[in-house]
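Residues per chain are reported as follows:
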Amino acid sequence: MGMTMTQKILAAHAGMDCVSAGQLIQSKLDIVMGNDITTAVAIPEFKKTGAKEVFDKDKVVVVLDHFTPNKDIKAAEQCKSCRQFAYDTEIKNFFDVGEVGIEHALLPEKGIVVPGDVIIGADSHTCTYGALGAFSTGIGSTDMAIGMATGECWFKVPSAIKFNIIGKPSKYVSGKDVILHIIGMIGVDGALYKSMEFTGEGIKELSMDDRFTIANMAIEAGAKNGIFPVDELTIAYTKEHSTKPYTVYEADADAVYDEEYTIDLSTLRPTVAFPHLPENTKTVDEAGEVKIDQVVIGSCTNGRFSDMKIAADILRGKKVAKGVRTIIIPATQKIYLDCVKAGYVEDFINAGAIFSTPTCGPCLGGHMGIMAAGERCVSTTNRNFVGRMGHTESEVYLASPAVAAASAIAGKIASPEELEG
Amino acid sequence: MEAKGKVFKYGDNVDTDVIIPARYLNVSSGEELAKYCMIDIDPDFVNNMNKGDIIVATKNFGCGSSREHAPLAIKCAGVSCVIASTFARIFYRNAINIGMPILECEEAANDIENGNEVSINFDTGVITNITKNKTYQAQAFPEFIKKIMEADGLVQQTKKRLSN
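Heads up: the protein sequence lines correspond to chains A and B, in order. Sequence positions in the first sequence follow this note's numbering and run 391 to 811. Sequence positions in the second sequence follow this note's numbering and run 2 to 165.
This is chain A alone, in the form it adopts within the complex (with noise of 0.2 Å):
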C-alpha cells in the first residue's frame, strides 16, 4: 500500500521502509524547538532525565517570543531560566530580544528548517513548516524535553485528508481565508490525529506566506500536521534561506486518504471566524454589522513581509476609524527592518495604527493588546476562544491582513473591495 507524503518522511526517519497508519514509531528528530513559556517547563523536565547535553546543539531551538519583552517579573524569571539554559547547554540556536522573532516566521527565515525534516516544536502552531514540505508538528514541554535529551520522539503514524487545490484566487483572498474556509467547512475537529495534505494545480498560485499561513493553522482543524508538495517555489525559498541540505518527498501515486476534498480558490471570498471557534466561518458579505474596538495584524499566521504590505497598502493614505486600536507587529527583526525600508512604518503611523517590535503578546492574551469586557477585536491570529485575548466576555473575529486593515477604516467588519468603492 502506498504511503502519504507524510508517511514517507516518517518511515524515513524511523528507519523503516514502510509504515502505516495508526502505528506507533520512534522517530529521529531534526529539530527540537521551544519556545519562553513551554521551555520554562522543559527544563526542569530535561533535568530529570539525567541528561548532561542536548543531544545535537545545532538541532535544539529556544525562541523567547511569547512574554517578550518580558510582561513582568513572572515573565522576566521564566526567560531568565530559559537563557541560563541555553547558556549552559550552549545551543546554537537561541533567539532573545534583539534577535528574536515570532518562532514560525523566524524559523524558516533563518533557514532552520527545510524540507523532508522531522520537527517538534512545544508550541501548537509548529505545524507552519509543514508549508516547506517537512512533518512537523506541535507536542507539549515533556516531548520537547526528551527530544532535546534522545534526538528521539514517539509518535503514532496518521492518516490523512487530502485537499485537492485549483482555480486562481481573486485580489483580496489569501492563505488565511483558504485555512479559514477549510476549517468552516470541516470543523474544529475535522482532522483530529491526521494530516492535512495539500496538493493540486492550484498549489502554484499560492505564495510561500500563503501556505505557511494555511499550514500553520491546520492545528485549529485538530490537525497532526499540514503539509505541502515541494515545487519550484519552495526549493527557491529554501535556497534563499539555508544551507542544509533537504530531501524531497512525495506521496505515493497510490496512497491511502481517509477523505479527499476539492478547494476551488476562484469561488473562496474573504472570511471571517465569528467567536468563539475557528469553525464559525461566514464570508466578509455575510458578515453584517460587527462594530470592533481594536484590530491586530501580526502573529505566526500573519505577521509575514506580504502581510504587512497588504495592510500598508490598504492603509495608507487612510485613517484607521477614531477608536479602533491598530496594532501591528511584524512578525521578526527582518521583517520589521523590511517595513521601514518600504515606508510601511509610516503609512501605518499616519493612518493612527501602532507598529511594535515582535512579539506573541495579544494573540494568546498576553501582553500588548488585552480586551475589556464587551470589547470586539478583528484580528489575523489564529484563535476566537473564549477569553483568548482578554476578558472572557471579549471577542475576536479571525480574518486576514486585508480584512483587519479594512475593519480598522470602517470600524466595523469590512471587506477591502468595499474602500475601492
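Quick caveat, the hints were computed from the structure, so don't treat them as lab data. Being a predicted model, the structure only gives us computed values, none of them experimental. Every residue gets a Cβ at the ideal spot worked out from N, C-alpha and C, and that includes glycine. Don't take each hint at face value.
Cβ-Cβ distance ranges computed for the label pairs, FRET-style [unchecked claim]:
1. B:Gly79 x A:Cys408: 39 to 47 Å
2. A:Ala763 x B:Asp124: 44 to 52 Å
3. A:Asp407 x B:Met2: 56 to 64 Å
4. B:Glu144 x A:Ile556: 48 to 56 Å
5. A:Ser560 x B:Lys161: 55 to 63 Å
6. B:Asn122 x A:Arg473: 43 to 51 Å
7. B:Gly12 x A:Lys708: 41 to 49 Å
8. B:Lys7 x A:Lys708: 18 to 26 Å
Here the structure of chain A is known, so what remains is to put chain B in place on it, guided by the hints.
Okay, now just chain B, sitting in the frame of chain A:
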C-alpha cells in the same frame, strides 16, 4: 489502579485557554497553576471539587495550545481522570507523558451527567456510573502507551533508558 469521584461535566471543544488562560502562564509550577484550573469555563471549579473528582466532556477536549500547563493544572488540582469522547492530540500526548490518566469513551462521555458518582478501573477500562448503576467500556491503551504510564511518565521512562 482505580479512581472514584464526583463528575464535573462539560461540552465539546474545551480548549486549553479556558483550562488555564495565558495570563497564568508566567509560572510553571503545577501547584500554582492548579489554583486557576478551569477558571475561564467554570470559575468555581477549584472551590467546588474534591481530590479524586473526575472531569467528563464530549469531543475534542484540550484543543488549542500545546501548553502542558493544562493537563498539569488538572493533575495538580487533584482530578483523578478526564473522560472524553475524543481528545485533541497534543493534550492527549501531554497527559500521557506526565502520567495524567485520561480515557476515551464516547458512550460514557454522552451518558454521564454533571454530579454523577463514577468509578474507573484503569486495568480493565471499565467506567462505572454509580449514580445511574451503569457501566461503560473505555478503549484500552496500546502496550506502548501503557509502558509510559507504568513508568510514571515519559521522563522516568527516558531516565531509565539513558542510565542503561
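Evaluation of the provided hints:
no.	hint	in the structure
1	B:Gly79 x A:Cys408: 39 to 47 Å	45 Å, holds
2	A:Ala763 x B:Asp124: 44 to 52 Å	47 Å, holds
3	A:Asp407 x B:Met2: 56 to 64 Å	38 Å, violated
4	B:Glu144 x A:Ile556: 48 to 56 Å	43 Å, violated
5	A:Ser560 x B:Lys161: 55 to 63 Å	58 Å, holds
6	B:Asn122 x A:Arg473: 43 to 51 Å	46 Å, holds
7	B:Gly12 x A:Lys708: 41 to 49 Å	42 Å, holds
8	B:Lys7 x A:Lys708: 18 to 26 Å	57 Å, violated
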